[in-house]
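Based on the sequences and whatever the hints tell you, model everything.
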Amino acid sequence: HSQQKTSSRSTYISTQGLDMKAIYFAYNSAEIEASALQSLVVFVDELKEKKGVTLVISAHTDARGSKDYNEALSQRRAEAVAEAMVNLGAAPDQIVLKWFGEERILNECKDQAICSEDLHQKNRRADLKLLANEELAFH
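Heads up, the sequence shown is in the numbering used here, so the first residue is 607 and it goes up one at a time.
Because the hints were derived from the structure by calculation, they are not lab data. Accuracy of the hints is not assured; some may be wrong.
Capping the alpha-carbon separation at 25 Å, the derived lysine to aspartate or glutamate pairs in DMTMM-like fashion look like this [unchecked claim]:
hint : residue 1 : residue 2
1    : 716       : 651
2    : 728       : 677
3    : 735       : 699
4    : 704       : 733
5    : 654       : 674
6    : 728       : 689
7    : 704       : 677
8    : 735       : 639
9    : 716       : 689
10   : 735       : 655
11   : 735       : 651
12   : 704       : 651
13   : 673       : 724
14   : 673       : 717
15   : 654       : 699
16   : 673       : 714
17   : 728       : 717
18   : 728       : 714
19   : 704       : 689
20   : 657       : 733
21   : 654       : 733
22   : 728       : 655
23   : 657       : 699
24   : 735       : 724
25   : 704       : 685
26   : 735       : 652
27   : 704       : 717
28   : 716       : 652
29   : 735       : 709
30   : 704       : 637
31   : 716       : 733
32   : 657       : 689
33   : 673       : 685
34   : 728       : 685
35   : 704       : 714
Estimated spans, in silico, between C-beta atoms of each pair [to be verified]:
hint : residue 1 : residue 2 : range
36   : 693       : 718       : 35 to 43 Å
37   : 648       : 718       : 37 to 45 Å
38   : 739       : 718       : 37 to 45 Å
39   : 654       : 709       : 30 to 38 Å
40   : 713       : 674       : 20 to 28 Å
For each residue, glycine too, the CB sits at the ideal point set by N, CA and C.
Here is the structure:
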């Protein structure tokens, strides 16, 4: 498990094995930092090499802000990651987008919880997972 952190307020990549990555976002942002884009090249290469797989991008927010706003923000995050992946050479028909707003908080930082910025950061993410096409129905 390795992390490459560019700065305290910017996007970074967490590698969780070969078939899974997470991109983390600054508060209220769908912008992907250049260092994260460079790290995604390896993931795109893997996607291009494997046949019969689909990249599922699942985007999330922290619990701050309204549910409607956070759903729209997570959609923008999913779309930003997909656009970056396509720009790096991924085939659009190999990408599925999902967004969940604040529905899938990973820690105790739900609505009204007092949390540190580091704890909120863990929820502002887009999870990237490669799935065999036959697994898609179950994901």
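**Request:** For the pair supplied as a hint, residue 657 and residue 699, confirm whether the alpha-carbon distance does not exceed 25 Å.
**Result:** holds (12 Å)
**Prompt:** Do the Cβ positions of residue 693 and residue 718 conform to the proposed distance bound of 35 to 43 Å?
**Reply:** holds (39 Å)
**Message:** Within 30 to 38 Å: is that where the Cβ-Cβ distance between residue 654 and residue 709 falls?
**Reply:** holds (31 Å)
**Prompt:** Within 25 Å, alpha carbon to alpha carbon, are residue 728 and residue 714?
**Reply:** Status holds; Cα separation ~11 Å.
**Restraint check for residue 704 with residue 689, where alpha carbons must lie at most 25 Å apart** = holds (14 Å)
**Request:** Compare the distance between the alpha carbons of residue 657 and residue 689 with 25 Å, and conclude whether the hinted pair is satisfied.
**Result:** holds (21 Å)
**Message:** Can you tell me whether the CB distance of residue 739 to residue 718 sits inside 37 to 45 Å?
**Reply:** With a Cβ separation near 41 Å, residue 739 and residue 718 satisfy 37 to 45 Å, so the hint holds.
**Prompt:** Given the proposed pairing of residue 673 with residue 724, does the C-alpha separation stay at or below 25 Å?
**Reply:** Holds. Residue 673 to residue 724 sits at ~21 Å (cutoff 25 Å).
**Asked** Holds or violated: residue 673 with residue 717, Cα cutoff 25 Å?
**Response** OK: residue 673 and residue 717 at ~10 Å, within 25 Å.
**Asked** Does residue 728 pair with residue 685 here, judged by a C-alpha cut-off of 25 Å?
**Response** holds (19 Å)
**Request:** Below or equal to 25 Å on CA atoms is what counts here, so check residue 735 against residue 724.
**Result:** Roughly 23 Å between the alpha carbons, so the hint for residue 735 and residue 724 holds.
**Request:** With a cut-off of 25 Å on the C-alpha distance, tell me whether residue 735 and residue 639 pass.
**Result:** holds (20 Å)
In this structure, the hints that do not hold are numbers 1, 5, 9, 22, 28, in rising order.
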